[in-house]
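What follows is each chain in one-letter form.
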Amino acid sequence: MKPSNTRKGFFAEGVLTAPSFLWLALFFAVPTLIVVSFTFHGHTPNGGVAESWSLVTWRALADPDYPSIIWRTLRISVEVTLWCILLSLPCAYAIARMDKRRRPLIAAAIMLPFWTSFVVRVFAWRTMLHPDGWLQSCYLSYLRCCEWLFNCLPAFLQHALTGLGLASPEPLDPALATALDSEVAVVLVSVYSFLPFALMPIYSAAEKFDFSLMEAARDLGANSFYAFRKIFVPCIRQGIVSAVLMVFIPAIGSYVIPQMLGGTNCVLIGNKIFMRAIQNRNIPHASALATLMAVSVLVPMALTVWWRARQKARDKKKADIGMAAQIPGATV
Amino acid sequence: MSDFLVIDKVSKQFGALTAVDSVSLGIKKGEFFSLLGPSGCGKTTLLRMLGGFETPDSGRIYLDGKDITDLPPNQRRVHTIFQNYALFPTMTVRENIAFPLRIAKLPKAKIDESVDAMLEMIQMKAHAYKYPSQISGGQKQRVAIVRALVDNPQVLLLDEPLAALDLKLRQHMLMELDIIHDQVGITFIYVTHDQGEAMSLSDRIAVMNRGRVEQLDQPAKIYEAPISSFVAAFIGDTNFFAGEIVSAEGDYCTIRCEGFGDIQAFNDRKLAVGQSVHLSVRPEKIHVTTSAPPPEKGAGVNVYSSTVTDIIYQGVYTKFWIKSGERSVSALKPHSRFLLDQEPITWNDKVFMWWHPDDGYMIENFSESDAGLVQTPPDAPKEVSGK
Numbered sequence: 000m001k002p003s004n005t006r007k008g009f010f011a012e013g014v015l016t017a018p019s020f021l022w023l024a025l026f027f028a029v030p031t032l033i034v035v036s037f038t039f040h041g042h043t044p045n046g047g048v049a050e051s052w053s054l055v056t057w058r059a060l061a062d063p064d065y066p067s068i069i070w071r072t073l074r075i076s077v078e079v080t081l082w083c084i085l086l087s088l089p090c091a092y093a094i095a096r097m098d099k100r101r102r103p104l105i106a107a108a109i110m111l112p113f114w115t116s117f118v119v120r121v122f123a124w125r126t127m128l129h130p131d132g133w134l135q136s137c138y139l140s141y142l143r144c145c146e147w148l149f150n151c152l153p154a155f156l157q158h159a160l161t162g163l164g165l166a167s168p169e170p171l172d173p174a175l176a177t178a179l180d181s182e183v184a185v186v187l188v189s190v191y192s193f194l195p196f197a198l199m200p201i202y203s204a205a206e207k208f209d210f211s212l213m214e215a216a217r218d219l220g221a222n223s224f225y226a227f228r229k230i231f232v233p234c235i236r237q238g239i240v241s242a243v244l245m246v247f248i249p250a251i252g253s254y255v256i257p258q259m260l261g262g263t264n265c266v267l268i269g270n271k272i273f274m275r276a277i278q279n280r281n282i283p284h285a286s287a288l289a290t291l292m293a294v295s296v297l298v299p300m301a302l303t304v305w306w307r308a309r310q311k312a313r314d315k316k317k318a319d320i321g322m323a324a325q326i327p328g329a330t331v
Numbered sequence: 000m001s002d003f004l005v006i007d008k009v010s011k012q013f014g015a016l017t018a019v020d021s022v023s024l025g026i027k028k029g030e031f032f033s034l035l036g037p038s039g040c041g042k043t044t045l046l047r048m049l050g051g052f053e054t055p056d057s058g059r060i061y062l063d064g065k066d067i068t069d070l071p072p073n074q075r076r077v078h079t080i081f082q083n084y085a086l087f088p089t090m091t092v093r094e095n096i097a098f099p100l101r102i103a104k105l106p107k108a109k110i111d112e113s114v115d116a117m118l119e120m121i122q123m124k125a126h127a128y129k130y131p132s133q134i135s136g137g138q139k140q141r142v143a144i145v146r147a148l149v150d151n152p153q154v155l156l157l158d159e160p161l162a163a164l165d166l167k168l169r170q171h172m173l174m175e176l177d178i179i180h181d182q183v184g185i186t187f188i189y190v191t192h193d194q195g196e197a198m199s200l201s202d203r204i205a206v207m208n209r210g211r212v213e214q215l216d217q218p219a220k221i222y223e224a225p226i227s228s229f230v231a232a233f234i235g236d237t238n239f240f241a242g243e244i245v246s247a248e249g250d251y252c253t254i255r256c257e258g259f260g261d262i263q264a265f266n267d268r269k270l271a272v273g274q275s276v277h278l279s280v281r282p283e284k285i286h287v288t289t290s291a292p293p294p295e296k297g298a299g300v301n302v303y304s305s306t307v308t309d310i311i312y313q314g315v316y317t318k319f320w321i322k323s324g325e326r327s328v329s330a331l332k333p334h335s336r337f338l339l340d341q342e343p344i345t346w347n348d349k350v351f352m353w354w355h356p357d358d359g360y361m362i363e364n365f366s367e368s369d370a371g372l373v374q375t376p377p378d379a380p381k382e383v384s385g386k
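Line by line, the protein sequences give chains A and B.
Numbering-wise (numbering that gives the first Met the number 0), the first sequence opens with residue 0 and increments by one.
Numbering-wise (numbering that gives the first Met the number 0), the second sequence opens with residue 0 and increments by one.
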């Protein structure tokens with residue numbers, strides 16, 4: 000019998016979890032509820048919350064800009080999360096396979112950027128991506144090379160490439176080729192910023208992974224990539240789940256990166272909330288936006304959890320039937 | 000019949016250490032072949048080269064006439080049973096067994112059929128949907144074996160597969176392995192440091208030491224006619240007698256052993272008088288009695304009067320350390336009807352030890368360092384040293 004099933008165990012558990020429960024209740028649940036309650040009030044001209052209850056704030060959310068901003072925020076957060084996971088998996092695999100003595104060094108190198116200010120690092124990207132920055136000049140030289148090569152080609156090939164949409168005959172315009180103040184810049188720098196948050200949980204799961212399983216898979220006929228996908232990735236799925244949460248949640252609320260690198264082309268919900276709360280001094284409106292964002296994340300998440308629980312119950316049922324009846328030819 | 004798996008002068012170096020030193024072996028189709036040796040003798044490295052996990056520095060490996068030396072593991076029809084079973088924890092027993100067939104992209108019905116047949120063979124149908132963490136060590140072992148057999152490999156490599164099991168289960172799995180081998184008829188190569196396992200299962204054994212094969216033969220030959228002092232001392236226990244041949248007539252010769260006496264032995268290599276030789280006599284071949292042996296049982300040859308210095312009761316038999324001249328000799332005595340029909344022997348008793356000349360074997364290659372592998376008597380009790 001599990002200790003929590005006994006009266007004494009339940010009491011002991013209660014005593015032990017009480018402090019953290021209280022902490023979360025006071026500083027997480029209560030503020031969240033306050034934010035939600037703000038949305039049912041109007042705002043006062045001096046930046047306060049109106050006393051009377053009303054739905055005026057929710058009605059004001061019917062701004063035609065919002066759906067596209069929420070959609071962009073979700074899309075960019077998913078993109079950033081996917082990139083972070085995809086980059087972290089092979090990286091964590093490589094570190095976990097390294098000599099045990101060298102691993103702490105690599106882990107320290109991953110954490111090193113955290114010792115400098117986040118804002119300064121994002122600003123550094125601004126200079127790199129600036130039309131006069133070195134990254135941009137590399138990109139421009141690359142484009143110029145392409146242009147020069149294109150001009151070297153015989154005319155019929157130029158026409159063919161243009162016709163296929165693979166090249167444009169217009170001369171290069173450096174102002175148009177800039178990556179700054181675009182969605183690309185926001186995704187790029189978000190991946191850069193959140194990568195350690197994905198790498199750390201995946202690496203700590205990979206470190207516990209039994210690499211002889213990879214040998215076994217290879218031995219049984221799997222190529223390296225198949226073994227990586229079918230053995231390594233499923234075995235470290237707990238790490239991947241935490242990595243997804245660690246990246247997706249801050250990415251949804253991301254504010255500094257789109258503010259500094261997105262310009263007007265990549266406004267995310269975080270920027271809108273800032274605008275409403277600080278510039279328009281409309282706290283209820285900002286609260287409503289935050290609530291809306293939270294709901295749009297929580298609903299799909301809840302659905303996923305429910306679906307997985309159902310899947311699990313189904314698997315268990317199948318196993319029970321398999322054990323009881325031993326149906327020949329039962330599905331694998 | 001020509002050899003199915005040929006290992007041709009294969010060497011592997013790890014830094015300054017030569018793990019495998021120019022090993023050549025020929026293994027027949029369907030054979031149960033063992034690589035036996037102490038840890039660090041190179042047997043696992045050799046197995047990993049057969050599996051494709053290591054590449055030999057020199058030499059070639061041929062399987063069924065094809066050079067497989069440089070093939071990656073997934074392109075050889077050779078499967079390995081790992082010491083820790085290496086079952087995939089995220090897959091059920093069924094999915095584990097189906098793994099190689101899924102990679103081969105067989106139709107689903109065919110996969111189900113093969114997996115069912117395998118589950119039937121190891122009687123684990125009831126556990127098909129369990130995860131590896133939910134089954135016992137012996138069951139894991141069985142699943143690992145059929146997972147490696149399900150797609151009909153040419154060779155099955157077993158890397159100390161029973162090392163993690165307890166004694167009873169080990170004995171049981173030993174029998175089961177033998178039965179499975181008979182059923183599937185696939186070539187098994189079995190790596191172990193346990194001579195009992197190797198002896199009871201193998202058609203032939205290669206005894207390895209320091210990266211080389213010391214002796215390759217049937218189990219009985221390995222035990223009864225060890226070619227080197229290493230083989231004699233590593234497989235079972237033995238007593239070494241160093242001496243010089245003082246006379247040789249017909250099949251037998253007499254060896255003069257300093258500090259012990261003259262020993263008659265079977266002279267199978269027809270060694271001449273004056274040669275110095277080393278004789279190995281297994282403890283269980285030495286009889287210990289309080290009265291002199293009847294003449295018809297040894298004709299007065301190789302009988303030595305001696306003193307018992309230590310007795311170690313070990314259940315199946317009792318081990319005696321007896322001293323004759325300056326030599327301490329170990330002897331094993333099985334007992335039937337516990338002591339009722341035997342003369343009780345105790346510490347400091349004057350006894351006779353004797354053995355048949357055929358029970359000693361003259362070792363070809365002797366090395367002093369191997370003599371250290373032989374058990375030595377425990378410190379003599381005080382009463383004895385006081386006399």
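Just so you know, these hints were derived from the structure itself, not from any lab.
Take these hints with a grain of salt, some might be off.
To be verified - Listed next, with one range per pair, are the computed distances between beta-carbon atoms: (1) A/A17 <-> B/L16: 23 to 29 Å; (2) B/S132 <-> A/P89: 23 to 29 Å; (3) B/L70 <-> A/N264: 52 to 58 Å; (4) A/T263 <-> B/P88: 47 to 53 Å; (5) B/G14 <-> A/C144: 45 to 51 Å; (6) A/W147 <-> B/A103: 46 to 52 Å; (7) B/V315 <-> A/A107: 57 to 63 Å; (8) A/R96 <-> B/V315: 45 to 51 Å; (9) B/P88 <-> A/L291: 36 to 42 Å; (10) A/R96 <-> B/Q274: 21 to 27 Å; (11) A/R96 <-> B/A103: 45 to 51 Å; (12) B/A103 <-> A/G162: 43 to 49 Å; (13) B/G14 <-> A/A17: 53 to 59 Å; (14) B/P88 <-> A/S67: 41 to 47 Å.
C-beta atoms are modelled at their ideal positions from N, C-alpha and C, and glycine is treated no differently.
Right, here's what the structure says about each hint:
1. A/A17 <-> B/L16: 23 to 29 Å: The hinted range 23 to 29 Å is violated for A/A17 and B/L16, with Cβ atoms some 59 Å apart.
2. B/S132 <-> A/P89: 23 to 29 Å: Taking Cβ atoms as reference, B/S132 and A/P89 lie about 27 Å apart, which means the hint holds.
3. B/L70 <-> A/N264: 52 to 58 Å: holds (54 Å)
4. A/T263 <-> B/P88: 47 to 53 Å: holds (50 Å)
5. B/G14 <-> A/C144: 45 to 51 Å: holds (47 Å)
6. A/W147 <-> B/A103: 46 to 52 Å: holds (51 Å)
7. B/V315 <-> A/A107: 57 to 63 Å: Distance hint for B/V315, A/A107 holds at roughly 58 Å.
8. A/R96 <-> B/V315: 45 to 51 Å: holds (48 Å)
9. B/P88 <-> A/L291: 36 to 42 Å: holds (41 Å)
10. A/R96 <-> B/Q274: 21 to 27 Å: violated (56 Å)
11. A/R96 <-> B/A103: 45 to 51 Å: violated (27 Å)
12. B/A103 <-> A/G162: 43 to 49 Å: Given a distance of about 45 Å, which is inside 43 to 49 Å, the answer is holds.
13. B/G14 <-> A/A17: 53 to 59 Å: holds (57 Å)
14. B/P88 <-> A/S67: 41 to 47 Å: holds (44 Å)
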